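K.L.:
Using the sequences and the hints, build the whole thing.
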Amino acid sequence: MNNFLKTEKIYSILELNTAIRTLIKKEFPEYIWVCGEIQDLRISKDKRHIYFNLVQKHPEADEIISKVNAAIFENYRSDIFNRLKEIGASFELKDDIEVKLLCALDLYPKTGNFSLIVIDIDPIYTLGKVAQSRQRIIGDLKKEGLLDKNKLTVIPAVPLKIGLITAAGSAAYHDFTNELIMSGYGFIISVFNCHMQGKFAEKDLSQALDFFNNFPDSTLDVIVITRGGGSTADLSYFDNKRIARAIALSKFPVISAIGHQINITISDMVAHTFYKTPTKAAQTLVERVKLFLEKLEELGGRIREASIEFISEEKRKLVDITVKMGMVSSEYFRFHRDSLLERKYRIFNILDVFLAQEKEISKGNSAKLKNASCRIFKQQLERIKHFEGKVDILNPDNILKRGYSITLKDLKALKSADNLDEGDAIETILYNGKLLSQVTGKEMRSSAKKEKTGGL
Amino acid sequence: MSKKELNYSEAISELQKILEGLESEQIDVDEVSLKVKKAIELIRLCREKIEKTELEVKKIIKEFEKNPENR
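Sequence lines, in order, name chains A and B.
Counting in the working numbering, the first sequence runs from 1 upward without gaps.
Counting in the working numbering, the second sequence runs from 457 upward without gaps.
Where hints are given, some of them may not hold.
Looking from chain A toward chain B, a few residues come up when the C-beta cut is under 10 Å (computed) [as the list claims (entries may be wrong)]: (1) N53; (2) A168; (3) V289; (4) S362; (5) K363; (6) Q380; (7) I384; (8) D397.
Quick list of simulated restraints, FRET-style, between CB atoms [said to hold, decoys possible]: (9) A:G441 x B:K494: 38 to 44 Å; (10) A:K359 x B:K494: 45 to 51 Å; (11) B:E466 x A:D397: 24 to 30 Å; (12) A:L408 x B:N463: 54 to 60 Å.
FYI, nobody ran anything at the bench for these hints, they're computed from the structure.
Since this is a predicted model, take the numbers as computed values, not measurements.
Glycine included, C-beta positions come from ideal geometry on N, C-alpha and C.
P.N.:
What follows is the structure, given as structure tokens:
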């Protein structure tokens, strides 16, 4: 075992760490460039130093394969930040960004941890990496069809119910809400208070978007994400894939107004609409409501005009009809008066003719009646005369007048001498007077015995 | 024979009956003269009726012919 020993010296921990530190210093006497992704970035309690891990990830899997502690001490911090500001970097030092750092290597004998002491940054490299990562996110979103997804949602004509995602109390918050309040329209604003930058931004924004997306459909019109104009570097928080996904998948239209001047963040790209400032976003909403009201007013005016036009047109028609009616009715009455007169004359004519006819007929009738009655009387008289004639013939006086007489025996007229005997008393009636006789003889006609009659 | 005056058709039928009776030859002489008397009376009655009625009818017709519209 001793064969393996380089030296008999027994190291204390401090001696060991110090020895290793010397080795490191010997190996890396100068500064070196190191590339890696920032993770777990934190600020010391006294806010003077920045600590983070610099990690190397597996090129395909999201898996850390190597890691080192890093620190930016107070004395370099402002230099580094100034350099970033100078070139107008659209990022700031934060988790998940890949950086190229100029570092010294050191080991703290007290802890045995070796660290990268950052003294400078290569902003161009980092910018490139940030741009690359940005492009990757955009590519992924495109692949998933999320870039235009929120644009398919529709901002209602009257967007009054607003889900506001911002830092409550910030200048952006006031700008936005004041603009809405000043409009005098009935906006209803629900606010979700968020960190709009820093390491809580991603989580807060995702939660906020989830929160509003749990609202029932009709209770929200639009989500507005807004913040004031910070440094351009702050905008890099909005090149976040998780936030972008949440915006894209929101069922409500998302308006982003995150206060930048030149670049468009990925959040802007996936949002329904984006504006530069909170004021502008608010004005647009107000304008939309105003436009709707104006359109309503205009439609109302058109309805009013149309109805007035309609009514006057109908009135005109009515007048026309009335005039026509008057004409037609006077025509009608004239016609009917004429025809009435004509009818009257015709009736009178008919009546005259009828009366004349009736006169004739009645004349004829009376003549007939006269004739008929004459005939009846004549007939009756004839009949009576006939009866008279008969009576005349039958009247015994008329027979007696001609010399005939009637002989009675015992008041019975004698028609034969048969039953007479001589000496019988008989009575003879003459036209004028009677004879009383006694039969003295009788004689029968032809075969009968002859009877002699002796007068008294 | 009732006191009531006979109407014309009754008179005529009475007359007819009397004539039939006279023509039957089975009749008493006294009865004959009564019957004849009666017949003559009836004839006169009928004649009167006829004449009176004829006069009335003629008068009515004459009036009617004067004013046919009044029918």
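K.L.:
Of the numbered hints stated previously, which ones are contradicted by the structure, given in increasing order?
P.N.:
As far as the earlier hints go, 1, 2, 3 and 12 are violated by this structure, in ascending order.
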